[in-house]
Amino acid sequence: GENVEQHPSTLSVQEGDSAVIKCTYSDSASNYFPWYKQELGKRPQLIIDIRSNVGEKKDQRIAVTLNKTAKHFSLHITETQPEDSAVYFCAAFRTGNQFYFGTGTSLTVIP
Amino acid sequence: DSGVTQTPKHLITATGQRVTLRCSPRSGDLSVYWYQQSLDQGLQFLIHYYNGEERAKGNILERFSAQQFPDLHSELNLSSLELGDSALYFCASSAPGQGPREAFFGQGTRLTVV
Chain A
1 GENVEQHPST LSVQEGDSAV IKCTYSDSAS NYFPWYKQEL GKRPQLIIDI RSNVGEKKDQ
61 RIAVTLNKTA KHFSLHITET QPEDSAVYFC AAFRTGNQFY FGTGTSLTVI P
Chain B
112 DSGVTQTPKH LITATGQRVT LRCSPRSGDL SVYWYQQSLD QGLQFLIHYY NGEERAKGNI
172 LERFSAQQFP DLHSELNLSS LELGDSALYF CASSAPGQGP REAFFGQGTR LTVV
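If you're matching them up, the sequences are chains A and B in order.
Taken in order, the first sequence gives residues 1 to 111; the numbers are from my numbering.
Taken in order, the second sequence gives residues 112 to 225; the numbers are from my numbering.
It is worth saying that the hints were derived from the structure and are not from the lab.
Please note that the accuracy of each hint is not assured.
So the derived list for chain B, only partly shown, Cβ under 8 Å to chain A, looks like this [unchecked claim]:
#, residue
1, Gln178
2, Phe180
3, Arg212
4, Gly217
5, Gly219
Cross-link-like lysine to aspartate or glutamate pairs, in silico, EDC-like; alpha carbons within 20 Å at most [to be verified]:
#, chain 1, residue 1, chain 2, residue 2
6, B, Lys168, B, Glu186
7, A, Lys58, B, Glu213
8, A, Lys22, A, Glu5
9, B, Lys168, A, Asp59
10, A, Lys57, B, Glu213
11, A, Lys37, A, Glu79
12, A, Lys22, A, Glu2
13, A, Lys57, A, Asp84
14, A, Lys57, A, Glu79
15, A, Lys42, A, Glu79
16, A, Lys42, B, Asp151
17, B, Lys168, A, Asp27
18, A, Lys22, A, Asp59
19, A, Lys71, A, Glu83
20, A, Lys71, A, Glu2
21, A, Lys22, A, Asp84
22, A, Lys37, A, Asp17
23, A, Lys37, B, Glu213
24, A, Lys68, A, Glu5
25, A, Lys37, A, Asp27
26, A, Lys42, B, Glu213
27, A, Lys58, A, Asp27
28, B, Lys120, A, Glu39
29, A, Lys58, A, Glu79
30, A, Lys37, A, Asp84
31, A, Lys37, A, Glu83
32, A, Lys37, B, Glu186
It should be emphasised that the depicted structure is a prediction, and the values quoted were computed from it without experimental measurement.
Glycine is no exception: its CB is placed at the ideal position from the N, C-alpha and C atoms.
Can you make the complete structure from the sequences, with help from the hints?
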């Protein structure tokens, strides 16, 4: 089956700096890669996603890049703010509704 | 509130016991997904039901089972509980024509096995 690895497990950045979280996957059939943000005590929420036919997608301060050849994708958050502090999960999805999540990255933005 | 309702919010039970977690999807949603979030395993997809039928299975143990009823609510049954089953169990639902990527999560049921 699929194996999704996520790094780093914890990340601290100064407010205003950028944060980058990386994930790798093993199943070349995976074709959709969402990112979820989970604030403490709350449910995961989809924040951005990318499909396998796209290399990069941006939404304001958040961007995701995908390298299909290398089987890795990354989340980029620019101009970080304290409210960006949360746990971020990547996931890889392939047709058949199999969802595999990364182990999560706890991001702390220091004011 | 996303409209996905999970009950109970918290559950404490002993090893060897059996529990049932309940999920009511958003009005109009036909798909229900169950996920387990534990400290050591992270977030894992367990199972997906669509309009009463099982559609996909993930890392769901044989001790666990689920079903979706005609009124579309779903139940996740966990039996012969072990300490390692302690986790946050999320349910999510999505509308017809949508998949897990469009699904909204419920607030979760925190299960503690002692």
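query = Should the interface hint for phenylalanine 180 of chain B be scored as holding, given a Cβ-Cβ cut-off of 8 Å against chain A?
reply = Since the shortest Cβ distance to chain A is 20 Å, the answer is violated.
query = Straight-line Cα separation of lysine 168 of chain B and aspartate 27 of chain A no greater than 20 Å?
reply = This hinted pair holds, its Cα atoms lying about 17 Å apart.
inquiry  = Holds or violated: lysine 42 of chain A and glutamate 213 of chain B, Cα atoms, limit 20 Å.
reply    = Holds - the C-alpha atoms of glutamate 213 of chain B and lysine 42 of chain A are around 18 Å apart, at most 20 Å.
query = Are lysine 42 of chain A and aspartate 151 of chain B close enough, with their CA atoms no more than 20 Å apart?
reply = Holds, because 18 Å separates the two Cα atoms, which is no more than 20 Å.
request  = Take a quick look at whether lysine 37 of chain A and aspartate 27 of chain A sit within 20 Å of each other, Cα to Cα.
outcome  = Distance ~23 Å between lysine 37 of chain A and aspartate 27 of chain A Cα, so the pair is violated.
request  = Verify the proposed pairing of lysine 58 of chain A with glutamate 213 of chain B, using a straight-line Cα cut of 20 Å.
outcome  = 18 Å, holds
request  = With a cut-off of 20 Å on the C-alpha distance, tell me whether lysine 168 of chain B and glutamate 186 of chain B pass.
outcome  = At roughly 15 Å apart (the allowed maximum being 20 Å), glutamate 186 of chain B and lysine 168 of chain B satisfy the hint.
Satisfaction of hint between glutamate 2 of chain A and lysine 71 of chain A, Cα-Cα up to 20 Å = Satisfied, since the Cα-Cα distance of roughly 11 Å is no more than 20 Å.
query = Between lysine 71 of chain A and glutamate 83 of chain A, does the CA-CA distance stay at or below 20 Å?
reply = Status violated; Cα separation ~30 Å.
key: Interface hint outcome for arginine 212 of chain B [beta carbon to chain A under 8 Å]   = Arginine 212 of chain B check passes; min Cβ-Cβ to chain A is 5 Å, inside 8 Å.
message = Please verify whether lysine 42 of chain A and glutamate 79 of chain A have alpha carbons no more than 20 Å apart.
response = 24 Å, violated
key: Pairwise hint evaluation, aspartate 59 of chain A against lysine 22 of chain A, where the allowed Cα distance is 20 Å at most   = 18 Å, holds
Hints 1, 2, 9, 15, 19, 25, 27 and 32 from the list above are not met by this structure, while the remaining hints are.
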